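Peer 1: Given the sequences, and given the hints that come with them, work out the whole structure.
Taken in order, these protein sequences are the chains called H and X. Per our numbering, the very first residue in the first sequence carries number 1; after that it's consecutive. Per our numbering, the very first residue in the second sequence carries number 498; after that it's consecutive.
Keep in mind the hints are simulated off the structure, nothing from the lab. Worth double-checking, as some hints may not be accurate.
To be verified - With a straight-line cut-off of 20 Å between C-alpha atoms, the simulated EDC-like cross-links for lysine to aspartate or glutamate are:
no.: 1; chain 1: X; residue 1: K640; chain 2: H; residue 2: D437
no.: 2; chain 1: H; residue 1: K106; chain 2: H; residue 2: D75
no.: 3; chain 1: X; residue 1: K640; chain 2: H; residue 2: E420
no.: 4; chain 1: H; residue 1: K106; chain 2: H; residue 2: E220
no.: 5; chain 1: X; residue 1: K640; chain 2: H; residue 2: E445
no.: 6; chain 1: X; residue 1: K758; chain 2: H; residue 2: E230
no.: 7; chain 1: X; residue 1: K810; chain 2: H; residue 2: D116
no.: 8; chain 1: H; residue 1: K169; chain 2: X; residue 2: E886
no.: 9; chain 1: X; residue 1: K810; chain 2: H; residue 2: D114
no.: 10; chain 1: H; residue 1: K169; chain 2: X; residue 2: E814
no.: 11; chain 1: X; residue 1: K890; chain 2: H; residue 2: D447
no.: 12; chain 1: X; residue 1: K674; chain 2: H; residue 2: D301
no.: 13; chain 1: H; residue 1: K313; chain 2: H; residue 2: E325
As the list claims (entries may be wrong) - Partial list, derived from the structure: chain X residues whose beta carbon lies under 8 Å from chain H:
no.: 14; residue: S592
no.: 15; residue: T597
no.: 16; residue: P598
no.: 17; residue: K640
no.: 18; residue: Y652
no.: 19; residue: T700
no.: 20; residue: H875
Remember, it's a predicted structure, so these values are computed and weren't measured experimentally. No residue lacks a Cβ here, since even glycine has one placed at the ideal position from N, Cα and C.
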Amino acid sequence: MTIMMPAKDEAVLARRDAIIAALRKLVPGEGVISSAAEMLPYESDGFTAYRQPPMVVVLPETTAQVSTVLKYCHDNGIKVVPRGSGTSLSGGALPLADAVLLGMGKFKRVREIDFDNRAVVVEPGVTNLAISQGVAHAGFYYAPDPSSQIACSIGGNVAENSGGVHSLKYGMTTNNLLGCEIVLMNGEIIRIGGKKAEPSGYDLLGIITGSEGLLGVVTEVTVRILQKPETARALMIGFAEVEAAGQCVADVIGAGIIPGGMEMMDRPAIHAAEAFVHAGYPLDVDALLIVELDGPAVEVDELIKRVEAIALKCGSTTCQISESEQQRLLFWSGRKAAFPAVGRISPDYLCMDGTIPRAALPLVLRRMKEMSAKYGLGVANVFHAGDGNLHPLILYDANKEDEMEKAEAFGADILRLCVEVGGVLTGEHGVGIEKRDLMPEMFNEIDLNQQQRIKCAFDAQGLLNPGKVFPTLHRCAELGRVHVHGGKLAFPDLPRF
Amino acid sequence: MDTLKVRDAQDVEAAVRAAIASEQPLEILGHGSKRSIGQPVATNAVLDLSALNAVTSYEPNELILTVQAGAPFADVLALLDTKNQQFSFEPMNTSRLLGTPDVGTIGGAISAGLAGPRRIQAGGARDHLLGVHAVSGFGESFKAGGRVVKNVTGYDVCKLITGAWGTLAVMTEVTLKVMPRAEAERTLILRGLDDIAANRAMTAALGSPYDISGAAHLPGSALRTVQGPLGEIAAADQSVTLIRLEGITASASSRAASLSKLLQSYGAAEIIEDSQSAALWADIRDVVPFAASGPRAMWPVWRIVCPPASGGKLGQEIARRSQGEVVYDWGGGLIWAALPPSADAQAPQLRKLVDAAGGHATLIRAPDDVRRVVDVFHPQAPGVAALGERVRKSFDPRNILNRGRMSRSLSV
Chain H
1 MTIMMPAKDE AVLARRDAII AALRKLVPGE GVISSAAEML PYESDGFTAY RQPPMVVVLP
61 ETTAQVSTVL KYCHDNGIKV VPRGSGTSLS GGALPLADAV LLGMGKFKRV REIDFDNRAV
121 VVEPGVTNLA ISQGVAHAGF YYAPDPSSQI ACSIGGNVAE NSGGVHSLKY GMTTNNLLGC
181 EIVLMNGEII RIGGKKAEPS GYDLLGIITG SEGLLGVVTE VTVRILQKPE TARALMIGFA
241 EVEAAGQCVA DVIGAGIIPG GMEMMDRPAI HAAEAFVHAG YPLDVDALLI VELDGPAVEV
301 DELIKRVEAI ALKCGSTTCQ ISESEQQRLL FWSGRKAAFP AVGRISPDYL CMDGTIPRAA
361 LPLVLRRMKE MSAKYGLGVA NVFHAGDGNL HPLILYDANK EDEMEKAEAF GADILRLCVE
421 VGGVLTGEHG VGIEKRDLMP EMFNEIDLNQ QQRIKCAFDA QGLLNPGKVF PTLHRCAELG
481 RVHVHGGKLA FPDLPRF
Chain X
498 MDTLKVRDAQ DVEAAVRAAI ASEQPLEILG HGSKRSIGQP VATNAVLDLS ALNAVTSYEP
558 NELILTVQAG APFADVLALL DTKNQQFSFE PMNTSRLLGT PDVGTIGGAI SAGLAGPRRI
618 QAGGARDHLL GVHAVSGFGE SFKAGGRVVK NVTGYDVCKL ITGAWGTLAV MTEVTLKVMP
678 RAEAERTLIL RGLDDIAANR AMTAALGSPY DISGAAHLPG SALRTVQGPL GEIAAADQSV
738 TLIRLEGITA SASSRAASLS KLLQSYGAAE IIEDSQSAAL WADIRDVVPF AASGPRAMWP
798 VWRIVCPPAS GGKLGQEIAR RSQGEVVYDW GGGLIWAALP PSADAQAPQL RKLVDAAGGH
858 ATLIRAPDDV RRVVDVFHPQ APGVAALGER VRKSFDPRNI LNRGRMSRSL SV
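Peer 2: Next up, the structure:
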């Protein structure tokens with residue numbers, strides 16, 4: 001347990017009863033939960049290594065209630081942690097002991113389906129999958145498909161800029177979001193965008209997406225929907241060496257082919273998945289690629305041939321092509337079950353999430369193997385290979401002394417390595433608390449100060465979800481100073497015309 | 498005119514710090530090809546980035562390009578062409594509309610964020626900017642984003658900087674996602690549809706599974722005097738509705754056939770291919786019907802973004818009330834309107850119609866004196882405007898960078 005949270009505000013905690021009473025007036029009925037037992041389900045998100053009961057849970061039902069709750073907290077200096085379905089994997093929705101946990105689970109209505117404008121307006125508590133299900137009868141779907149789509153909420157997707165296996169071709173949340181209504185920390189309600197392709201003025205929608213609940217609380221979301229591709233087929237390709245698989249990924253993309261999904265597993269992940277779901281994965285390979293092509297049948301048939309030829313040229317040892325929808329789903333079943341499958345071979349595991357340039361894949365895998373030996377912990381790898389997003393699963397046993405700390409140190413080393421080879425700390429899970437203290441690996445103080453100034457424009461007191469994303473909390477006033485060195489010198493060395 | 502020709506990011510920092518110290522706003526310039534868009538910037542001090550023109554790295558297999566902000570756009574496109582790659586957002590070349598000789602720099606294209614017809618499929622400039630190095634109005638070099646396609650590390654500052662017209666920070670280097678050029682393209686042409694019917698046809702196409710990468714409608718009156726590829730397909734005052742499909746050859750052909758069938762109630766579609774089709778879409782992207790060399794050279798030109806299915810009705814109403822001309826892109830979601838000259842470019846009446854349709858309108862071409870009295874960018878709701886202004890101040894508290902270019906109220 002190495003990650004520290006901001007110091008508790010004892011003055012706020014001393015007023016807890018009065019705060020709860022005030023919140024009950026703003027959100028009547030069962031909208032305020034304050035007993036320890038009832039707050040238990042809210043004490044962590046998907047990053048379960050860290051748990052913390054909140055001061056109180058508030059479950060509003062309307063935008064007006066969100067606004068009044070935030071305004072009350074703003075006026076009384078009370079911190080607020082927003083939460084969707086709580087599936088975040090980086091601790092973004094981890095409660096604080098002295099903060100209100102604002103659960104958006106009651107915002108469950110689909111407000112409008114507009115097929116002509118290819119847009120759907122929903123409340124933030126609607127699950128990702130429910131949007132696709134709501135438009136499926138007309139052949140449409142919502143493209144970003146995080147693995148947790150059955151449970152994760154669209155509001156949380158906006159906060160985390162969620163992706164999924166289709167993001168290589170169809171983009172992440174930010175590329176599929178048309179508009180939103182957000183409530184700022186001071187209670188102000190703001191609407192940005194709508195059913196048109198782009199909003200006017202600064203791209204506030206772009207900065208809110210992926211802001212991990214630090215800028216505002218989303219109360220309505222407008223997304224674009226697409227027609228489902230006519231067909232999808234997958235190839236399952238084995239390679240004796242990881243390098244060859246990495247080359248195949250590069251060559252497919254270099255040939256101008258953007259698959260609907262392109263996923264890779266290493267030997268430990270293949271073995272764990274095969275033992276779990278019996279998908280027919282080859283067990284004598286070091287890397288397995290699943291490449292899915294989608295679109296019109298004529299296109300998919302042609303691209304399958306091209307990818308197969310590229311794989312063969314790269315030295316593939318096995319290649320199976322799905323001949324039915326059932327077989328395609330079977331290929332995917334192991335990949336989709338990789339996380340629980342690895343859970344069967346290790347009492348605990350830590351799921352990391354970094355992105356690297358695709359070309360660095362062999363080097364990164366080799367270095368991970370060395371780290372695995374150094375820490376004495378196993379690692380299994382599944383990747384979104386098409387966009388270089390890695391998910392190393394570090395295997396450990398929490399009951400053994402020091403193993404969790406070792407696993408965390410191993411994970412941090414992997415993320416440092418990602419940055420070292422030109423990649424980034426997180427491809428899709430967010431910074432949250434998990435990678436917060438690693439931010440200086442990627443950004444210097446000036447970079448981080450500029451990001452925090454943006455935070456100040458939305459939330460001047462820093463009350464919304466503090467302790468997440470940024471390793472150091474700053475006061476907005478000290479971030480606002482302009483430093484001018486050299487005074488009014490005319491910089492004579494600059495050429496003038 | 499005091500022009501500072503900077504050579505690197507340190508020079509930019511020095512220049513911005515000097516500007517802060519002397520309270521002298523800076524106009525940020527690449528080639529100046531889009532200088533006439535926005536509110537006129539009231540300053541004589543120009544920060545010229547055109548010498549920051551190097552390609553830092555180009556990795557075709559990674560689909561990544563890193564270039565300095567002043568790199569000439571034409572050179573970069575030629576470089577991508579050698580690897581059969583492109584910017585998928587199909588950035589508009591404003592030179593024909595504005596009558597400038599240059600096509601500008603990469604930094605200018607990102608600052609303007611004017612995406613072309615493929616925006617409906619591939620997204621805008623904001624969706625392709627992966628990382629940026631820039632100097633803020635604090636006189637500090639900072640970076641944001643990265644050099645990989647999937648990244649959620651910290652705030653997505655790249656989105657804010659795209660389309661900010663140089664009012665937040667001076668970009669010095671950018672990393673962009675590039676994409677393979679399609680093997681083939683096919684364009685369906687439907688003739689003689691009125692704006693409403695054309696809007697319906699485009700809506701049907703875009704709601705189909707055929708992966709449309711362009712959907713435009715040009716009324717006959719707008720085509721009457723057009724030269725070049727668009728002029729060649731125009732016939733006797735007849736409108737044309739154009740729908741583009743791109744991809745591997747077999748796919749583009751098969752989807753074109755399926756789409757023709759889907760749209761048969763709108764008439765029999767002609768199909769044109771590849772280079773002929775590409776030339777047409779370049780004309781649409783660059784709004785050639787309202788070119789500065791054409792008969793409507795003196796007419797102010799508006800760029801209107803609206804919910805796509807309402808485009809036909811809105812455009813028709815604008816044309817009728819203003820006695821102007823309109824053309825449609827993005828399946829009706831983008832309307833270009835050229836209106837007869839007037840002191841205010843008919844802004845109040847036009848904006849009333851656009852507001853009612855849930856859209857926004859930007860005045861892209863107009864003389865300085867018109868732009869001084871009209872809000873070039875669409876006025877926003879007070880809360881959004883105030884938030885935007887706080888965001889601007891978080892980058893440039895002294896209002897040094899392109900002062901007032903996006904807002905008349907900030908110009909002094």
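Peer 1: Hint compliance check: list the failing hint numbers for this structure, sorted ascending.
Peer 2: Per hint list: 2, 8, 10, 12, 13, 14, 15 and 16 violated.
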